[in-house]
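Trainee: Based on these hints, arrange chain Y on the given structure of chain D.
2 protein chains.
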Amino acid sequence: MRQAPPLLIIISGPSGAGKDSVIRRMKELGVPLHFVVTMTTRPPRPGEEDGKDYIFVSEETFEKVLREGGLLENAIVYGHRYGVPKEQVKKALESGKDVVMRIDVQGARTLRRLIPEAVFIFLIPASEEELVRRLKARSTEDEEALELRLAIAREEMKSLEEFDYVVINADGRLDEAVQKIMAIITAEKCRTKPRRISFSS
Amino acid sequence: MRQAPPLLIIISGPSGAGKDSVIRRMKELGVPLHFVVTMTTRPPRPGEEDGKDYIFVSEETFEKVLREGGLLENAIVYGHRYGVPKEQVKKALESGKDVVMRIDVQGARTLRRLIPEAVFIFLIPASEEELVRRLKARSTEDEEALELRLAIAREEMKSLEEFDYVVINADGRLDEAVQKIMAIITAEKCRTKPRRISFSS
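Just so you know, the sequences run in chain order D and Y.
Reminder that position 145 of the first sequence reads as 145 in the numbering used here, one-by-one numbering, no gaps.
Position in the second sequence counted from 1, then plus 1000, gives you the numbering used here.
Possibly wrong hints are sitting among the right ones.
[Claimed, not checked] Each computed BS3-like pair below joins lysine-lysine, with the alpha-carbon atoms no more than 27 Å apart: (1) D:189 <-> Y:1158; (2) D:19 <-> Y:1193; (3) D:158 <-> Y:1189; (4) D:189 <-> D:86; (5) D:193 <-> Y:1019; (6) D:52 <-> D:136; (7) D:189 <-> D:91.
Just so you know, these hints were derived from the structure itself, not from any lab.
Only chain D is shown next, with the shape it has when bound in the complex (with noise of 0.2 Å):
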């Protein structure tokens, strides 16, 4: 029986959908993938681990990585810049591991010109109440920025059908929308016509 190839596994979604939550609580379960470690000039958030949750960087070491043609894909979020670290991705890839990352709607729509055969995965919160309830938890902005965060998640929103699965990541039930994650993995997994990820440097 062949083996599969590894999965890239991009997980995406509106701001609030969860993302973050998704993957750290992938990570506490010690699922065998390799978790992309994104590049960032944003700073942490309480409990962010340096290298492990994200690469922290200054704006001019990420101005310097991005020069060099490190970034797979990079992009502004919210005034902060993002970057999908190339090497890290496709060392990970060609060892047979599977792939795992957390991407902006806008950086997924980027990857799926430059990878079409990765799996796309869009996040979204249960229902609008619950995205302004948890971009409000954050508490970090004023009333303008919460504002501008949600006129974009609701036009993100319509990006849904762009992805091809949908998961729902509701309010307590984080474990759920999980095991669906991992369900379509393994489902992906046994299609008899696999994806092969192939990507230039």
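Mentor: Just chain Y now, kept in the frame of chain D:
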């Protein structure tokens, strides 16, 4: 959030792949699916219950139902007739239930033409040795019949690519195969572009 439409899940594979065992285990687990009860003229195997595992009928009854257009698909497998009661499948889908159906490889091919939106799962043993052992264990046949079954099974293994998914049902790992099928169902329910079953009467 829209409700995913019900799925029609076709479980097929060569004789000896363990289709019946997988279905029986799924029933034991009490998963909320409708399992199609196939009509057949073959005699019951030990432990099989009429109306539950199969609808066991005479040649005459089978012919009558077939003539009246009551079968979605029908085939002769090793001298016995098998048929899928059309109304049963339609009613279950109309009630919103996901429907699971076990069928031989030829039957699956016919159904793919009739209902391409169904989910086609190909069940296989872990190795040819396992297949031989299982067919022998049924021990209801002479050497010649066994050889014929084996030759057909080898031929059927080539149909793998026509299916959406392949699931290995290895000896002693039935639950793993069942979990993979359940994962496939979960993943299919998360698709952003749901399959919509429609079949004419």
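Trainee: State for each hint whether it applies.
Mentor: Evaluation of the provided hints:
Proximity of residue 189 (chain D) to residue 1158 (chain Y) is assessed by CA-CA distance (about 19 Å); at most 27 Å being required, the pair is judged to hold. For the suggested pair residue 19 (chain D) and residue 1193 (chain Y), the alpha carbons sit about 22 Å apart, so the restraint of at most 27 Å is met. Between residue 158 (chain D) and residue 1189 (chain Y) the CA atoms are separated by roughly 19 Å; this keeps the pair inside 27 Å, and the hint holds. The hinted pair formed by residue 189 (chain D) and residue 86 (chain D) meets the criterion: a straight-line CA distance of about 23 Å does not exceed 27 Å.
Proposed proximity of residue 193 (chain D) and residue 1019 (chain Y) is supported: the alpha carbons are some 22 Å apart, at most 27 Å. With a C-alpha separation of about 25 Å, the suggested pair residue 52 (chain D) and residue 136 (chain D) falls inside the 27 Å cut-off, and the hint holds. Proposed proximity of residue 189 (chain D) and residue 91 (chain D) is supported: the alpha carbons are some 20 Å apart, at most 27 Å.
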